[in-house]
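Novice: The chain contents come next:
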Amino acid sequence: MELRSKVPSGPIDQKWTKHKFDMKLVNPANKRKYHVIVVGSGLAGASASATLAELGYHVSCFTYHDSPRRAHSIAAQGGINAAKNYQGDGDSVFRLFYDTVKGGDFRAREANVYRLAEVSNEIIDQCVAQGIPFAREYGGLLDNRSFGGAQVSRTFYARGQTGQQLLLGAYQALMKEVHKGQVKLYNQCEMLDVVLVDGQARGIVTRHLVTGKIEVHLADAVALGTGGYSNAFYLSTNAMYCNVTAAWRAYRRGAGFANPCYTQIHPTCIPVAGDYQSKLTLMSESLRNDGRIWVSKQVDDDRAPGDIPEDQRDYYLERMYPAFGNLVPRDLASRRAKDMCDQGKGVGETKLGVYLDFEDAIQRLGADVIEARYGNLFEMYERITGEDPYRVPMRIYPAPHYTMGGLWVDYNLMTTVPGLYAIGEANFSDHGANRLGASALMQGVADGYFVLPYTIADYLAQAKLDPVAEDNQEVRGTVEEVESRIDRLLALDGDRTINSFHKELGRIVWDNCGMGRNATGLKEALEKIPVLRQEFWENAKVVGEGGSINQTLERAGRVADFLELAEVMCLDALVREESCGGHFREEHQTPEGEALRDDENFTHVTVWEYTGADTAPREHREPLEFENVPPTQRSYK
Amino acid sequence: MKLKLHVWRQAGPSARGQFVTYETDASEHMSFLEMLDVVNEDLEEKGEDPIVFDSDCREGICGTCGMVINGRPHGPWKRTTVCQLHMREYSDGDEIWIEPWRADGFPVQKDLMVDRAAFDRIVAAGGYISVRTGSAPDANAIPVVQVNAEKSMDAASCIGCGACVAACPNASAMLFTSAKAAHLNLLPQGQPERYGRVLDMILTMEAESFGTCTNHGACENACPKEIKIDVIAMLNRDYMKALLKAS
Amino acid sequence: MRRVYSLYSTSVGKKYTMAVSGAIFVVFVIVHMFGNLKVYLGPEAFNHYAEGLREFGAPFLGHEWFLWVFRVGLLAFLLIHTVAAWQTSRQSWAARGQKYKKQEKLVFHYASRTMRWGGVALLLFVVYHILHLTTGTLHPDFIPGDAYHNFVTGFRSLPVVAVYFAAMIALGLHLYHGTWSAFQTMGLDGPRIKRWREPVAIGVALLVVLVNLSFPVAVYTGILQ
Ligand SMILES: Cc1cc2nc3c(=O)[nH]c(=O)nc-3n(C[C@H](O)[C@H](O)[C@H](O)COP(=O)(O)OP(=O)(O)OC[C@H]3O[C@@H](n4cnc5c(N)ncnc54)[C@H](O)[C@@H]3O)c2cc1C
Ligand code: HEM
Ligand code: SF4
Ligand code: FES
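Protein chains in written order, with this note's numbering: chain Z, 64 to 700; chain F, 4 to 250; chain L, 2 to 226.
No wet-lab data here; the hints were simulated from the structure.
Predicted model only: the values in this text are computed from it and were never measured.
Backbone N, C-alpha and C fix where the C-beta goes; we use that ideal spot for every residue, glycine too.
Keep in mind that a hint or two might mislead.
Said to hold, decoys possible - Computed far set for chain F versus chain Z, every beta-carbon distance over 12 angstroms:
(1) ARG19
(2) GLN21
(3) PHE22
(4) VAL23
(5) THR24
(6) TYR25
(7) GLU26
(8) ASP95
(9) ASP107
(10) TYR198
(11) LEU202
(12) GLU211
(13) GLU223
(14) LYS231
(15) MET243
(16) LYS248
As the list claims (entries may be wrong) - Straight-line C-alpha distance at most 30 angstroms; calculated DSSO-like pairs for lysine-lysine:
(17) Z:LYS527 <-> Z:LYS83
(18) L:LYS195 <-> F:LYS154
(19) Z:LYS566 <-> F:LYS7
(20) F:LYS231 <-> L:LYS195
Please put together the full structure from these sequences, using the hints given.
Specialist: This is the structure:
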């Protein structure tokens, strides 16, 4: 596997412009001769499909959802960053670039990040023109807020529904093209494999979730905008259906998988209530602006929070990080909460939680101000927990939220398989080892609207794309593999439900490859996962048949892929003998317990190559260079 | 708590459905869907087909979930999708009737899962603003009166769940269609295509199998996002203007 | 013509025609009710009014010209209103092929659920009302030209009073939701209208029902002789 990043030469602020000029174009009259498959209708997939179609390509867009608008991007609450500097507070493309590289703990590719910051402004223009109802000031101009500890106000938002509004914009643009016939939409249709012909990605194999029909769709190029894999942890803030199957199948066909161990744990989620828990709910990060985080100083304190006097409370973030207090970055806030619970100071029935207390803020500002700021969040909290946060402190606990790792892509967003692209959260992205708040939406739409539609032309214009027939041997072979895998899954008739495997896997990954990781735990996980995987194929049970809706079968296929991915995640975490961003190796920390990077040995992307079902994946490295933002140690003391 | 569930089971779009009764033991901390997850786990363990229902985000934003619980879409809680309904609401010995959205515009696919693609077609007909990627003017070049931006946002918060259709005694899709149109028609960016959009969306809605709005208001009461029927009045008004203009 | 067709081809347009024709009926029933109030001024005044209706527009218009134009107009609107009601109702019934086992009625007010059967009741009532007091076909003691006599003698039997009571309840409900609904259907929901439309709807319904019911009551209890 060769990792050619294809980063253009020249100064950082001219690379993208230059590259756009250097790339081959497809003549307008020829565009309609090309057929592009886009898998995914989230921000990345929908925006790419719409734009490619506008440009004149024939597009087929696939989603397993019943409507493209339901992709998980819909759930993003906080906002989207852009370097507009509308607030005049000194923001610039370079500052957004700088913050993102630094926030990613110097594990991202500079040129990609710069391009992201550069197109961020066009994104806002595009979205506003599409009618996205961003928050506005009294004078009618766009409002911004500061988010996730940024020093400038650069986050655009639409109430607590920024993701929904952005996705609706992209979805509407997509549906317009569907109406025109330029995009063919395949909803409730799950991609189960990539078709390679002569080493090029030439199509996909899908199963229709309602009819169960297995079909092959051929094209000239394929783009995957299939989202992240946080559900490897079983419990995460991701939607129930989020899964790694598309990316994983691509990996098994030769696409390199980069940095799988880079996962983000969000500090403010509602804690697990019981064994039946199906997913976790994120409470917006903005709560930390006014809420104070604390636990009891005593171990195993069973008193109600109101009965714990002030001097017996430990406001541990304020104590440890006087400068930033409760607003330290996500990874720190998460890890410290875990420490507290590990020490036996956790709160709530399960003892896995810390308090987020608004009492002071309510006294200082009044309950009505707090209600105006967080009313809907408080209501959501009460709905889920039955507790009133105006009177009792909230309980929060970290939860898996985002995956920075993903399919390796070059500057053009192409994976190591020619003609196969990855966009949005599905690629290993521009966030390095840690993503800043409000930057995932930015990246998803940047890839879809402003990058892929242009870089793909460079490939299409040059690649040799002979017509492929459906009875081509490689095509038939892939279809047969998919069919036989489905038959194998349907034949599973053991004692354990699919869900029980997913839960057990989640436990292993969370305990050993979650907020804190160490060699012993990772090695243990690497032993347990293959055993669990084997048990899955011997003792799982799939009820029902394949010819109609069968949600158990759908889940089975996804869990089977998670069982493979989890192993590579742990392996990746094991070989990365340093701590960086979301990847915290307990062996590598400063005396104060902060992440300790090893720039000398680990300033690279780790890319895994599939070598076969029973052999270990091969490790590759893409070295990273920092010419514009010299690496420094993060410090929030 | 012990519960008796009467759940609508239907093998496919053209199959005849019927209620099947299940008994389950639930915890008050569970969400309603988690309660059903547990029922399904039990069914799977017994080798029976689990109840098919659709849900994804389980945070009340994606609009995937939806079922009629004791005669009420999304169940008894206001401003709440069924995925956010929690079992505290119920007590030991309760009987719960669970049905899919019932509307010919939303054919049942299996059990509690319905096909809402009609909504996509309504949007495709005109629920967008045409703007070629990369051709937009600077975002602040078009100031928007704050009140209108807020009203537009109110309409835009529709999650496309279909509870309005499910609740409507006429199975009309007017609240959804109007919300989609109002979101765009309230903004300056939406003006050039406004009347064409209204006609196209209404004609498409008509072509689907929905009923006629008679201003019952049940949709507003059922809508988890509290979309108001004011948007329907707006669509009605725009429709007349559109007819006067279209000549 | 195409515009008229496209108006009527959608349910939104059909509703619009119902709202317009309905609003005309609302005005009509109010005017009709005020006219009937003259009955309290005695036989002379009332018969003069009834005669006046026939001579309306004279000498420009001939005897009963206006009345016939008016009747034909009302009939045409009634036809449109009824046909649209029938068509939209059918569309709605078809839209819920499979009924709910349980269905909570989440409507704003009960009146909206009475529109269909209430409308049919009104239609039957209108027919009866015409046969009763206009043509006299179903009147026990009809004297053409003596409207006051017909009016007063017409309400002396209990079943007739009961019919009028039932019809007025249907009318009240129909007027309440109908008036409110017509504003909504025609998109009249400016902030001021929105504040007034509910009280106006209730007011119109109550006024018409109470005044109209006062007639049979007054006759039956002997206040009107
Ligand atoms: C609760 C929550 C809050 C967030 N808040 C923010 C925020 O405030 N700001 C921010 O910047 N980011 C936020 N994020 C992150 C951000 O929302 C996501 O990273 C981003 O939306 C991902 O977009 P996407 O298009 O890559 O993927 P998705 O939106 O996940 O879309 C994936 C698409 O792929 C399809 N798909 C997947 N696999 C297949 C398959 N095998 N076959 C067919 N179709 C398939 C799905 O149907 C779907 O359409 C948040 C995330 C979460 C979970
Ligand atoms: C005195 C006679 C009548 C009056 C004053 C009247 C008035 C109205 C008004 C104002 C509306 C509201 C229109 C809208 O916004 O949609 C309405 C609706 C309606 N009318 Fe009538 N109408 C009368 C007779 C009838 C008759 C005879 C029928 C049926 C055969 C009927 C059936 C309906 C129906 C079904 C509706 C629509 C339901 C709704 O809006 O909720 N009406 N009517
Ligand atoms: S209007 Fe309300 S009930 Fe109807 S689809 Fe939208 S959110 Fe659901
Ligand atoms: S599952 Fe997303 S709204 Fe309920």
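Novice: The structure should be examined with respect to each hint, and the outcome stated for every one.
Specialist: A quick look at each hint next to the structure:
Non-interface call for F:ARG19 relative to chain Z: holds, since the shortest CB-CB distance, roughly 15 angstroms, exceeds 12 angstroms. The claim that F:GLN21 lies off the interface holds: its Cβ sits roughly 17 angstroms from the closest Cβ of chain Z, which is beyond the 12 angstroms cut-off. F:PHE22, annotated as away from the interface, keeps every beta carbon of chain Z farther than 12 angstroms; the closest lies near 19 angstroms. For F:VAL23, the requirement that its beta carbon stay farther than 12 angstroms from each beta carbon of chain Z is met, with the minimum near 15 angstroms.
In this structure F:THR24 is separated from chain Z by more than 12 angstroms, as the shortest Cβ-Cβ distance comes to about 20 angstroms. At the 12 angstroms boundary, the C-beta of F:TYR25 stays outside the reach of chain Z, the nearest C-beta of that chain being 16 angstroms off. Listed as a non-interface residue, F:GLU26 keeps its Cβ farther than 12 angstroms from every Cβ of chain Z; the least gap is roughly 17 angstroms. The Cβ of F:ASP95 sits about 17 angstroms from the closest Cβ of chain Z, beyond the 12 angstroms cut-off, so the non-interface label holds.
The Cβ of F:ASP107 lies farther than 12 angstroms from every Cβ of chain Z, with a closest approach of about 17 angstroms, so its non-interface assignment holds. At roughly 16 angstroms from the closest C-beta of chain Z, the C-beta of F:TYR198 stays outside 12 angstroms, upholding its exclusion from the interface. The claim that F:LEU202 is not at the interface with chain Z holds, since no C-beta of that chain comes within 12 angstroms of its own (minimum 14 angstroms). The claim that F:GLU211 lies off the interface holds: its Cβ sits roughly 14 angstroms from the closest Cβ of chain Z, which is beyond the 12 angstroms cut-off.
Every Cβ of chain Z is farther than 12 angstroms from the Cβ of F:GLU223; the closest lies at roughly 19 angstroms, confirming the non-interface assignment. Chain Z leaves F:LYS231 outside its interface by the beta-carbon criterion, the shortest separation being 16 angstroms against a cut-off of 12 angstroms. Every C-beta of chain Z lies more than 12 angstroms from that of F:MET243, the closest at about 23 angstroms, which supports listing it as non-interface. F:LYS248, annotated as away from the interface, keeps every beta carbon of chain Z farther than 12 angstroms; the closest lies near 21 angstroms.
For the given pair, Z:LYS527 sits about 21 angstroms from Z:LYS83 by alpha-carbon distance, which is consistent with the 30 angstroms threshold. Restraint check for L:LYS195 and F:LYS154: the C-alpha separation of about 16 angstroms stays at or below 30 angstroms, so the hint holds. Taken as a hint, the Z:LYS566 and F:LYS7 pair is honoured in the structure, with Cα atoms around 27 angstroms apart against an allowance of 30 angstroms. Restraint check for F:LYS231 and L:LYS195: the C-alpha separation of about 13 angstroms stays at or below 30 angstroms, so the hint holds.
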